[in-house]
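Starting from the known structure of chain A, fit chain B onto it as the hints suggest.
Just so you know, the protein sequences line up as chains A and B, in that order. Number 1 in my numbering belongs to position 1 of the first sequence; there are no gaps in the numbering. Number 9 in my numbering belongs to position 9 of the second sequence; there are no gaps in the numbering.
Check each hint, because a few of them may be wrong.
Computed footprint of chain A on chain B; a stretch qualifies when at least three of its residues, placed anywhere within it, have a C-beta under 8 Å from a C-beta of chain A [as the list claims (entries may be wrong)]:
1) 78-92
2) 97-111
3) 120-126
4) 130-140
5) 163-173
To give a feel for the contact side, a few chain B residues facing chain A, derived at Cβ under 10 Å [claimed, not checked]:
6) 63
7) 68
8) 115
9) 116
10) 117
11) 147
12) 148
13) 160
Derived by calculation from the structure, the hints in this document are not laboratory data. Even glycine gets a Cβ: it sits at the ideal position worked out from N, Cα and C.
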Amino acid sequence: MTDGWYAGLDPGDTAAGTTAIREGSTSAPDEWPSLAVEIGFAEDEAKYYELLHTATMAATEAAVQEQEGADDRQLVHAVRSMTDCEQTANELAERVAEWGESRSRDAGSGVEYARELAENEGEDAAGAQLQSLAQRVVDLDEEAARLRSYIERTAPAVAPNLAALAGPVLTARLLSLAGGLESLAKKPSGTVQVLGAEDALFAHLRGNAPSPKHGIIFTHEAVRGTHPEHRGSAARALAGKLSIGARIDHYSGDLRPELQAELDERIETIQARTEGEKQ
Amino acid sequence: MTLPDGVERHAFDGETALATRGDPVYGEDTDGSWRRWNPHRSKLGAMLVSGMETGLTGGETVLYLGAAAGTTVSHVTDFAGPTYAVEFAPRPVRDLLDAARTRERLFPLLEDARQPEQYAHVVEPVDVLVQDVATRGQALVANRNAQFLRSDGRLLLAIKARSEDVTADPEAVFEDVLDTLTERYEVLSTESLAPYHDDHLGVVARPRRDGTF
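Chain A extracted, bound-state conformation:
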């Protein structure tokens, strides 16, 4: 037995209908119009379709608005906040570990240790302070996780192609480094390739270092999974597709799955070089 979107609804309650369309789900379709008439949700099918039109229009309008409300600026703030939360959590976790060591020989380290401590009541005044501090670490860590899931939900709406190619978090980091989707779209792919490696780049420009092969895109599997000797090529190929993706996202906004296929193909070719050399 499955339920249609109108199950348990008052036909006059448009807001509830909108929510039911957006958030509902069921395993299989059914004869919703005739069933709706049967249970008296609508007096006839014409009236049912009228209610359905109102509800789907409102639901889809609201869904579009929510996804579009998440713009690149929100994403940039979210990813910077996530990084701050993670860094602060780690720093405080070190402090907690150091303090913990002074009180117990089998003190652990990191956020995990803080999580353990936070669960136990402190025995004395100092212990209570330590436990409270450990709780802050746990809170920050959980805040970072919530920010990450916000980024994962909204990045595909803000930049569908980038999110498909680079994943939501790397997409947000690139937007953050470039200062937004428009400026990322206007950067040449050589710049995208070394975004996040500015220190190395300027050292190179001063003439006392080799040119960086990759910046933040190093975290992408296409670069990291490639033999170091060929990472430069992989990074160049990836950066090329990313800057095309950024331009489509900024100027048109529709998803082009062929970009992903082209990238996979190119990376496979590059990675095959290493295998060829091994033989």
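Relative to the frame of chain A, chain B by itself:
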């Protein structure tokens, strides 16, 4: 080839083209209430123009996957019955909403066609399933949505070779997709959509009647 009721060949400034009757949506040529249906902008339009036997008669219930900005689905609603339009990307859906405002029997849904359970509580069983999604795994999408199609219904599918694999030979891609489709469908006919759409194959299929063949 028979055109469904509500679709006609109509003259626009001396040129004859497919047309349906309704409010204009995307700046197409109009003549009175007739709107020109451009096969270059619509895969279903191209299937009709190239003479495929779609089985469409007019007035059917339709589930349209990959409605985008509503270019094609607006024509479909003009001649069909209740039409459910599923599209995943929010930006084109803005235009789809505009097209649906004057079309009482067009129901837009911002959903992912790969997850039919997210809209099965809204969509009723349909006579026609139209699919035009540019994603990998197009056959999988069609198979997952087979549950919406009545046993005597039709799947009208446009396969985009480049969405599956840009480098492979389109013919090989089509073969692969058609092969996966046979899990749930019996393919009735196929036709290249050139010159309107490069590397696209139009497919007419019906649900497999298990045990009968």
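Status of the hints after comparison with the structure:
| no. | hint | verdict |
| --- | --- | --- |
| 1 | 78-92 | holds (count 6) |
| 2 | 97-111 | holds (count 10) |
| 3 | 120-126 | holds (count 6) |
| 4 | 130-140 | holds (count 3) |
| 5 | 163-173 | holds (count 5) |
| 6 | 63 | 9 Å, holds |
| 7 | 68 | 8 Å, holds |
| 8 | 115 | 8 Å, holds |
| 9 | 116 | 8 Å, holds |
| 10 | 117 | 5 Å, holds |
| 11 | 147 | 6 Å, holds |
| 12 | 148 | 5 Å, holds |
| 13 | 160 | 9 Å, holds |
This entry satisfies every hint, going by the numbered hints stated previously.
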